[in-house]
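Read off the chains here:
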Amino acid sequence: MVPTRYRVATKRQELTDTWTLGLEPVDEPLEPWSPGQFNMLWAFGVGEVAISISGSEDDTLLHTVRRVGAGTEAVCALAEGEMLGLRGPFGSRWRTVEARGKDVVILAGGIGLAPLRPAIRQLLLDRGSYGRISILVGARHPEDLLFVEEMSRWAESPGVDVEITVDTASSGWSGHVGVVTSLMDRVEIDGSSVHGFACGPEVMMRFAAKALTDRGVAPTAIDVSLERNMKCAIAQCGHCQLGPTFVCRDGPVLDYATAQPLMMVRER
Amino acid sequence: MKHKSIRELLAEQPFFHDLRDSDLDLLAGCGENAHFRAGETIFGTGEPADYFYLIRTGRVSLDIHAPGRADIVISTLGPDEVLGASWLIPPYHWNFDAIAREETGAIRLDATCLRGKCEDDPALGYRLMKSFAQVIVDRLQRVRLQLLDVYGTPAARANG
Ligand SMILES: Cc1cc2nc3c(=O)[nH]c(=O)nc-3n(C[C@H](O)[C@H](O)[C@H](O)COP(=O)(O)OP(=O)(O)OC[C@H]3O[C@@H](n4cnc5c(N)ncnc54)[C@H](O)[C@@H]3O)c2cc1C
Ligand code: FES
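Chains as they are written, first to last, in this note's numbering: chain L, 4 to 271; chain X, 7 to 166.
Don't take each hint at face value.
Some chain L residues judged to face chain X by a derived CB distance under 8 angstroms, without partners named [stated by the list, open to error]:
#	residue
1	Ala142
2	Pro145
3	Gly181
4	Met207
In short, the hints are calculated from the structure, not lab data. C-beta: ideal position from N, C-alpha, C; glycine also.
Input sequences plus hints: build the corresponding full structure.
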């Protein structure tokens, strides 16, 4: 699959190491996408990285990228007007449609809020189809919190709770301190009618899923997003393969009953 | 509106759900209502741990003061959570500061009174210890997860 050329239309610095790039097509745009899916972003001359779609505005696709190595560094260094290659959209989507009629609990950690943001926007656009929506967000420090303004807008929607916590803070911070799962104590749920969504580092997702199942949510009613190294993204190279599952094709979003045994498999 | 008695308030606390009615009758004699303004210190590091608290409303932070560094908040606690375990173990001194972050209401239980009742009735002491052990293990798990620094990059973690 050949990359399609896109141009950086907008660039917004979110955190010291994280930017949201708005990408507009130079040639034919990619196929329509769903929340949870990802694209392969190719910084010419450096390489490709898998990045979830964090939203869209008109023709512009948003990707929120944290700089961790050469590939993401090259993408984050792109200036407005510069070009890159895009392949996608790949993978599975968050099961927002299947969650209709239920209460929703979302647990997001760190950059994990970015892949969940389009799902949250979709839930809020279709607000009447869901019961209570609890959005629980964790980050390392207060200055590492993504989309702070947007989160306060979400909190204004009726029946939506947004709770934020950080792992450590100085005494100037007046919000919660503690791991994201500790926010579950503040949510009143009837586990049998809840759909859970969790995204973040794998350890965090394991604890998030445990916190949900401890409260009676079925593992099959919890979506998690697996992050494995990817190359082809079309189920051919085997790079992301975990047993019979290709994370690029069958994931990244999987129900926890399917994902749990895979999460125990070490990355190759 | 009729004010609830300490006994009624204790019975509402999830922390005490495994205790018997007779236990609550005994414990109620050691309890009283407490209120703190936002910013008020509930207890300070090194002070005698003469009480523990069950938070009813508001939010409390646990802060550690390290010389030469800004004070660090290690955790925050909210409604239905237990504040303070140092009253259980000698030398019965607090290891951190507890500060009300919002207007906070709590039930304050007198540790000397409680320790006395537990000595007199070891079965009550055992049941109370079991409730505390659950809270302490849960908090330990959370601290372990915090220590993992799951949101840091591997490079940053390696460099501390
Ligand atoms: C389906 C999917 C969706 C993703 N969505 C996003 C997204 O929306 N935003 C985003 O920023 N990233 C996302 N990622 C992660 C992103 O693909 C990787 O960070 C990227 O491939 C790293 O490539 P690199 O060349 O920059 O770093 P590398 O040179 O490959 O790695 C550099 C260092 O960073 C570490 N590292 C690699 N990946 C991560 C990571 N995810 N977190 C922390 N450290 C890491 C490596 O272990 C290594 O130590 C996603 C990954 C997948 C599989
Ligand atoms: S990335 Fe090649 S098989 Fe999934």
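Hints, verified against the model:
Restraint check, Ala142 (chain L) versus chain X: the minimum CB separation of about 6 angstroms is within 8 angstroms; hint holds. Contact between Pro145 (chain L) and chain X, as hinted, is not supported at the beta carbon level, the nearest pair being about 10 angstroms apart and thus beyond 8 angstroms. Proximity of Gly181 (chain L) to chain X holds as hinted, the smallest CB-CB distance being about 5 angstroms (cut-off 8 angstroms). For Met207 (chain L), the shortest C-beta to C-beta distance to chain X is roughly 5 angstroms, which falls under 8 angstroms, so the interface hint holds.
Against the hints set out earlier in the document, a violation occurs for number 2 only.
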